[in-house]
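Under my numbering, the sequence shown is numbered contiguously, ending at residue 323.
In case anyone wonders, no lab produced these hints; they're calculated from the structure. Just so it is clear, the structure is predicted and the values come from calculations on it, not from any experiment. Backbone N, C-alpha and C fix where the C-beta goes; we use that ideal spot for every residue, glycine too. Please note that the accuracy of each hint is not assured.
[Said to hold, decoys possible] The calculated DSBU-like cross-link candidates involving lysine-lysine, where the alpha carbons are at most 35 Å apart (straight line), are: (1) Lys-191 - Lys-279; (2) Lys-154 - Lys-94; (3) Lys-159 - Lys-286; (4) Lys-154 - Lys-193.
[Unchecked claim] Computed Cβ-Cβ distance ranges for the label pairs, DEER-style: (5) Thr-283 - Pro-113: 41 to 51 Å; (6) Glu-269 - Asn-55: 18 to 28 Å; (7) Ala-284 - Asn-80: 24 to 34 Å; (8) Lys-286 - Ser-59: 38 to 48 Å; (9) His-293 - Glu-241: 16 to 26 Å; (10) Asn-80 - Lys-279: 23 to 33 Å; (11) Thr-104 - Glu-190: 34 to 44 Å; (12) Arg-248 - Ser-59: 35 to 45 Å; (13) Asn-62 - Asn-118: 16 to 26 Å; (14) Thr-99 - Pro-305: 20 to 30 Å; (15) Thr-104 - Gly-281: 35 to 45 Å.
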Amino acid sequence: MRIITALLASAALIGAGATAQAEPVNALAAPNIPVAAVQGHLNQLQSIANSNGGNRAHGRPGYLASVNYVKGKLDAAGFVTKVQSFTNGGATGYNLIADWPGGDPNQVVMIGSHLDSVTAGPGINDNGSGSASNLEVALQVKATGYKPTKHLRFGWWGAEERGLIGSTFYVNSLPAAEKSKIKAYLNFDMTGSPNPGYFVYSASGQPSGSLALQQKLEEGFKSLNVQTELTSVGGRSDHAAFARAGIPIGGTFTGAEGTKTAAQAAKWGGTAGKAYDQCYHRACDRIVNINVPALDRNADVIAYTLWAISA
């Protein structure tokens, strides 16, 4: 990455501690993200799905209602928001982009998540979890009075479930000069799986600079006394378009349809021989389909990493 040495030279952070309630003990540290607030956003996404045919899928009213909910929270906090529309499968889709005023506009740090569900259900873990966590992290930028030296941008992508459509549309819409300003992209897709793993995107095969992001995410989990494993995510989620553009990428993942091994169950708890998320892409991916400690830890690591690389 073009500025990765600068990222690694960021002020050292003290982790949020081993328990969900531990608070940062250094004024430079990222905030402990209140998991109850993240759950509150998830409850709203569930309610939106309940009121709109049971899902929040591309082209369905529940998706636009989800965009409007997130946008309303961000607008109230002082973000500059933009809704970007595109067409896929004969239906209009939407990306929501939110910029926090200030910071070096030539040094953009971006985090993102897809906001759509599949048509089968409300998509609370996939991907209400990442979307709600990123929303609360953004709101904590305002709440804590954080003034990063780099420019912060958040994205909520549409039509991921139809083939990464929204994020690809966004990246392809950027002129080359604007792409070059994005120095890091972090993706959070499924961060509350009910039988969770603690996976960090592997930098292997990713653009130069991704290793520093991988290491910062690993450091965040280490500060919580959580062991991690690397996962090769390939082109499975919205980081893919950024990687193709040569932008350093990273992210976390708690697992989908894959099966937890005995060694992983010994390390992380949960049940060996069962999927990380048995409700993956199913109607049962509802509010009860969330492991709250995993949701909490991942939200704290999102904030830890964002603060570290944007300070």
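To see whether the hints hold, each was checked on the structure:
Among the hinted pairs, Lys-191 with Lys-279 is inconsistent with the structure: their alpha-carbon atoms are about 39 Å apart, more than 35 Å. Note on Lys-154 and Lys-94: the hinted pairing holds, with a Cα-Cα distance of about 18 Å set against a maximum of 35 Å. A distance of roughly 43 Å separates the Cα atoms of Lys-159 and Lys-286; the hinted pair therefore is violated under the 35 Å criterion. Of the pairs offered as hints, the one joining Lys-154 and Lys-193 holds, with about 23 Å between alpha carbons and a cut-off of 35 Å not exceeded.
Between Thr-283 and Pro-113 the beta carbon distance is about 46 Å. The supplied range of 41 to 51 Å therefore holds. Distance hint check for Glu-269 and Asn-55: the Cβ-Cβ separation is about 25 Å, which falls inside the suggested range of 18 to 28 Å. A beta carbon spacing of about 41 Å between Ala-284 and Asn-80 contradicts the range 24 to 34 Å that was offered as a hint. Range check, Lys-286 to Ser-59: about 29 Å between beta-carbon atoms, so the 38 to 48 Å window is missed.
With their beta carbons about 23 Å apart, His-293 and Glu-241 fall inside the hinted range of 16 to 26 Å. Remark: the range hint 23 to 33 Å for Asn-80 to Lys-279 is contradicted by a beta-carbon distance near 40 Å. For Thr-104 paired with Glu-190, a C-beta distance near 24 Å fails the hint of 34 to 44 Å. The supplied range of 35 to 45 Å is broken by Arg-248 and Ser-59, whose beta-carbon atoms lie about 29 Å from each other.
One distance hint, 16 to 26 Å for the beta-carbon pair Asn-62 and Asn-118, is violated here, with the actual separation near 44 Å. Between Thr-99 and Pro-305 the Cβ separation comes to about 40 Å, which falls outside the hinted range of 20 to 30 Å. Taking 35 to 45 Å as the suggested C-beta distance range, the pair Thr-104 and Gly-281 conforms, at roughly 43 Å.
The structure does not agree with the numbered hints 1, 3, 7, 8, 10, 11, 12, 13 and 14 stated previously, though it agrees with the rest.
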